[in-house]
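K.L.:
The lines below spell out each chain.
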Amino acid sequence: MNILLTLVWLLILFAVVMLHVAYATYFERKIIGHMQVRLGPMRVGWHGLLQPIADGIKSFFKEDIIPENADKPTFLAAPIICLVAMMTSLAVLPFAKGWVLADIDIGLLFIFAMSSLASYGVVLAGWASNSKYSFLGGLRSMAQVISYEISMGLSLVGVMLMAGSLNLSEIVEAQGDSFLGMYLMPQCIGFFVFFISMLAETNRVPFDLPEAETELVSGYCTEYSGMRYAIFFMAEYIGMMVMASIATICFLGGWNGPFAVPFFPPLWFVLKVYLFMFLFIWIRATLPRYRYDQLMDLGWKLLIPLALVNIVLTACLKALIS
Amino acid sequence: MTRPIKQHLEIPVADGAGERYSLRMGPQHPATHGVLRVDLELDGETIIECIPQVGYLHRGFEKLAENKTYAQALILTDRLDYIAAMANNVGYCVAVERLLGISVPLRAQYIRTIVGEMSRLCSHLLWLATHALDIGAMTVFLYCFREREILLDLFEELCGARLTFSYPRIGGVRQDVTSYFVDELQRFLDMFPSKIEEYETLIDTNRIWLKRTVGVGTLTGEEALALGLTGACLRGSGVDYDIRKHQPYDAYPLVDFEVPLGSDGDIYARYRCRMEEMHQSVRIIQQCIDQLPPGPIIGPDAPDLVMPNKVPARIEAGTNEYGTGLIKLIRDRNLYISGDVYVATEVPKGELGFYFISDGNNRPYRMHIRSPSFIHIGALAAIAKGELIADLIANIGSLDVVLGESDR
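So the sequences go chain by chain: A and B.
With our numbering, you'll find the first sequence wraps up at 324, consecutive numbering, no jumps.
With our numbering, you'll find the second sequence wraps up at 451, consecutive numbering, no jumps.
These are computed hints drawn from the structure, not numbers from a lab.
Here a beta-carbon is modelled for each residue, glycine too, at the ideal position from N, C-alpha and C.
A few of these clues could be false.
Covered by chain A, according to a simulated footprint, are these stretches of chain B (three or more residues, beta-carbon under 8 Å) [what the hints assert, rightly or not]: (1) 62 to 76; (2) 92 to 104; (3) 181 to 188; (4) 249 to 262; (5) 302 to 308.
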């Protein structure tokens, strides 16, 4: 019975996430459209509301091109690796009290492990495509993920120290006593580092160097077409959602809000996640792209030292209080 | 039993040169603007060698112009730098007028100055849009197109076309400006400076933009001169050379404007020069509108370059004898002199020069176009060496090249 229930939850989560991915693209196109003084999708459905569905159908029926000299098995597996790694992370996210598929004690570590696995997909896609642009994109992604994964991990050590747990639900509960019920203020340095790292981790502007369409002609996904190309972007949007969820859980008090909502427990969680999604999109519309060495400079010379300082400060503070 | 010969494994030793990576960037590449191909030798992402290749358009304008009368070849010139077509038209007309000794009425000179500067705005807006897009700033791209659209509408009002104009004529302009055009242009001039500030707010205050442009693609004044750069690329390196000031033509000696200069010679300096040039263009157009004198729009000594009588020409057009109007007269008249002349004008991208050798015929014996884009692409090899792939993209953008006038 438990297995059946888990399967039902799994299916519900899958459906919700797929809908989220579809409509996150719509959300992005509309917001950027209005920021750039244009309308965004307007043709399919009312105000273009059915555009994501149309895009999905179109992607599904587009020709699936595989380059002749590509490493076929790896080329086919790469987008699946990205998608699976990102979707697996969803299992441990607590959307509200008790609304979690797997409430494990090492939730935060599990998410890190899974999100770094997604970079394998990108690297393998770059290598297997047998294209120089893709190869450079894959290499960029590898170096980028390694450096920003470190700063991201370190930025959350402060949260772990304060909450005394790696369980995501417990981290949310632990924030109850903090100012505004969030770790945002005491962990402002950690949040700053995490926020920048999450942009880099999800290959978003200004850190979209692995794809960099004007430099590497879409980089690791240059040779991908149709649904395989779409899968990479599904993974990217799920990645955005996962990272926004971690930021919400670790710094903004998760599902807790200024007042309780009886009808939809994850309301505050969803609102906070979409606040981050909006920031992702806003930044994309505003900022140019970093150069590669500048990106590495930022990661290694600014974010990692800052995150280390944050750990020391938090540890000292914790020792003083206790 | 013989013992097997021991096989020694050959371990390859990295010798540096063998580790290089060659990349053919373009001709189908979003940042190589048109059909530029750049052959790159890379060490990681660092450019060891950069060889720009032009020649994928196969246009042959110069040869084509040698087989056409001077007036017929005018329509080729707006296909050179199609981003600033009207400025090319003006440049060609000025060159032919100097060769043939044709005078231009003052009103036509003012109008040509207006359209030349409008072309500069159009060109700089497209440059800013694509340059920003190359560096990843997409919003600026769309904002610039918003204002460029107004200018294209104005061009359409002026001459009926939005890209291939052929509005200036040898000895004047094709037709007079309308009051609607002047009013709309005035409205644009009132609004446009605030829009330039909007672009600058998006870009100049952005730390990432500054990191991508300051100190990147640096050329000293001497290097820029040695490479033959002109326009904002040269002035960004601090060399005060602008044909509008130094060899003025049309109404430029009658208006007051400044030539913006940079000092660092980097991408940012070139960017700032062009942004300031947009302000100066607004100033020039405003003065031209204010001072626009009445009078004819075509010179008295160039009567054969316009339709002598519109009614017969239209009738003849219906009888498939259109050529007796414009083109036949040019062929018949014997006003051509022998000799050679090089005349340059300041188009948005730099010095556009036309060199004619005339043997007294109604078409040039030889014609050569000194196009700024071709020279600027040549400079790319020197600028990009030792920099990163991302800088190459920023450099191509900052040089503001159009392939239409590179492969002539």
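K.L.:
Does each hint hold? Answer for all of them.
P.N.:
Hint by hint, here is what the structure shows:
no. : hint       : verdict
1   : 62 to 76   : holds (count 5)
2   : 92 to 104  : violated (count 0)
3   : 181 to 188 : holds (count 4)
4   : 249 to 262 : holds (count 5)
5   : 302 to 308 : violated (count 0)
Of the numbered hints given earlier, the model fails hints 2, 5; all others are met.
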